[in-house]
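Residue numbers (our numbering), protein chains in the order written: chain P, 491 to 811; chain U, -9 to 347.
Hints listed in this document are in silico derivations from the structure and should not be mistaken for laboratory results.
Worth double-checking, as some hints may not be accurate.
Said to hold, decoys possible - Residues of chain U placed beyond 12 Å of chain P at every Cβ, according to the derived structure:
# : residue
1 : A14
2 : M17
3 : I48
4 : V267
5 : A300
6 : A315
Said to hold, decoys possible - Simulated coverage check for chain U against chain P, where a stretch passes if three residues somewhere in it have a Cβ under 8 Å from a Cβ of chain P:
# : region
7 : 104 to 118
8 : 140 to 152
9 : 324 to 335
Positions of the beta carbon are idealized from the N, C-alpha and C atoms, including for glycine.
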Amino acid sequence: MSVTYLEAIRLAQARVLAEDPRVFIYGQDVGAFGGAFKATKNLAEQFPGRVIDAPISEDAIVGAAIGAAIEGLRPIVEIQFADFSMPGFNQIVNQAATLYWRTGVPCPLVIRLPSGGTSGGGPFHSQCLEALYAHMPGLLVMAPGTVEDVYSMLIEAVALDDPVIFCEHKLLYYHLKADRLPEAALPAGKARIARPGRDMTLVTYSAMVHEALAAAEELAAEGYQIEVVDLRVLKPLDTDTVMASVARTGRLLAVGEAWPWGGVTAEIVARVAAEGLHLLDAPPQRINAKDTPIPYHPNLWAAHRPTARSIAAAARRALQT
Amino acid sequence: MDDPIQCSTESRPSGGGAPGPGQALSMEADRCRSAYRWMVLARVLDDKLASLYRGGKIHGGVFLSRGQEALSAAIGVALQRGDIFAPLIRDTAGRLAFGETVAEALRTCLGSPLGPMRARDGNVHRGRPRDGLLPMISHLGAMIAVVNGMLLARRLQGRPGSVGAACLGDGGTSTGSFHEGINQAAIERLPLVLVIADNQYAYSTPTCRQFACQSLVDRAVGYGVQGHLADGTDLLECMRVLADAVGRARSGQGPQMVVARLLRLCGHGEHDDASYVDPALKESELGRDCLQVAEEILIGRGWATTADLAGWRHDAQAQIEAALAEVQRDPQPDPYQETWTAIASEGLRDGYPAPPA
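For reference, chain P alone in the conformation it holds in the complex (with noise of 0.2 Å):
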């Protein structure tokens, strides 16, 4: 049997579904049509009544996820593009990530934002907002970059009690295999070692993570023995994880398909510089998308993001620093 990461998602939510009688799925499209990418296919019919088509309304659907939270439900929204989450942003930053803190009342709701570019999605359908959602208190980030992960990692987002914002990669979603679902995961919070070794730390997370070990594999021909952290959940950061890999390499390039200024590569340099500054041969470095919208053209778009072959080179630039 072969999973892909879109399989994965869409057989989380129907075990969820299944297992827990709070759960219920809202968002455009999601019902019989089974979802722009068809990661709710066939359950609106498996599970009638719980997966419910809402209006092209981010703010409203939001909003009515957070009602049904308060009323002791589950509600997984998919948002079809990451992109539209921002009609919805002040439902989610001003209502759901607040609800905790002011009213002791948690907010146990999952939002599925499918991020990231594939070659032809333009300026509105690519975005990488992991780094705004992580900004905000009173939220949890997840990014998976394997199917086991975004398996069990959206299992585990139901279960919590506070407003998680699951970004799913979009690139992924097709071509990402595993052989198996995975039946145990590494617990909540934890960014895993996705090669390990000695002259360098690459810290990265969702697609970016395959970029990185291809990177770090072109590199092993040259001798450099790279190891590569997959962070998995961006808030909360596992900084202990990466400040270990720091410490065994001495080098670190934080990797990140969002756009460059602040964000989570800057979030990795700033706690890898205040702490472990000891622990470092070169000065950290990052690497994230150019400063523009996202292209439409391939040939655009792939010279946007981070690639094996541009994170290779800049790894290459710290390694002979």
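With chain P's structure known, arrange chain U on it following the hints.
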């Protein structure tokens, strides 16, 4: 709603009320007396809050309900225990009628850690979500969808029968979330009562800069919901319209939109002298003080005497003074006792930077 305040026992319709001179009061009279007493309690509480604000005892803003008590009380008494209420910032009367206590209102305004918001949020941003009383965020239109979600959840859980009221001012109707919220309620045919207090100004902006339709109630048909107009200065009319709208929602007729016209008889907040309010509006029918109008109704119909009115006001004052005396003995919030975490999940707090050892 419940009997959260001292004066409520005798003012409850079911409690019979104190009979008027030589006759048993009708149900309508009894309800009107009850609603009026919530209005007085709200007005006296507002006056106390204004005085505390001027005395420098309240941090941040104070937003009063003056002129809006009739509409607000009518909402509160139309709802039942177990319903949902998302008030706007001038709904002191409705909140009290719905079950908020004077003490929790005062505790929130004074920043007491013993209040429902534990000094983390203040003034009008108070509530108890699990009791159906929602603590508003400042983007008020966003509360509609939350009420929708609560109603939807109850339907999914097989617990129908409750009504949710969401309240906005005229300014709130210009937001995108208003449109999304009422449209969503209409699609799902939820028992939502959307109450719009068309109080002529959103802060300083007059309605002519807020919308161009003749009446906001005209929008109801466009959303496929039932619309109702009320004179927001007239307690009896507000009670009649709200009872009707809530009844229709409860009986499965879908969302109801109530638009009540009135004039805000205070500034946006106590920091605002409202000098921009058109004097002609103040002199118009809209500028009537709903509290006085209610008193004229009660006296005119023989439902209360002037001695009753004075007694009720005195009771309200005594109740508020007693609550204030209690609340003023509350401890101050202590930053060293604060958890400083916005995350409910154990072990998932982002612990950076680590606190000093």
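Consistency of the hints with the structure:
1. Listed as a non-interface residue, U/A14 keeps its Cβ farther than 12 Å from every Cβ of chain P; the least gap is roughly 41 Å.
2. No beta-carbon of chain P comes within 12 Å of the beta-carbon of U/M17; the shortest separation is about 33 Å.
3. With a least beta-carbon separation of about 18 Å from chain P, U/I48 lies farther than 12 Å from that chain, consistent with its non-interface assignment.
4. Even its closest Cβ contact with chain P, about 30 Å, leaves U/V267 beyond 12 Å, as expected for a residue assigned away from the interface.
5. The Cβ of U/A300 lies farther than 12 Å from every Cβ of chain P, with a closest approach of about 39 Å, so its non-interface assignment holds.
6. The claim that U/A315 lies off the interface holds: its Cβ sits roughly 26 Å from the closest Cβ of chain P, which is beyond the 12 Å cut-off.
7. Only residues whose beta carbon comes within less than 8 Å of a beta carbon in chain P count, and the region 104 to 118 of chain U has 8; three or more means the coverage holds.
8. For the region 140 to 152 of chain U, the assignment as covered by chain P holds, since 7 residues bring a beta-carbon within under 8 Å of that chain's beta-carbons and 3 suffice.
9. For the region 324 to 335 of chain U, the proposed coverage by chain P is satisfied: 5 residues have a C-beta within less than 8 Å of a C-beta in that chain, meeting the threshold of three.
In summary, the structure agrees with every hint in the numbered list given earlier.
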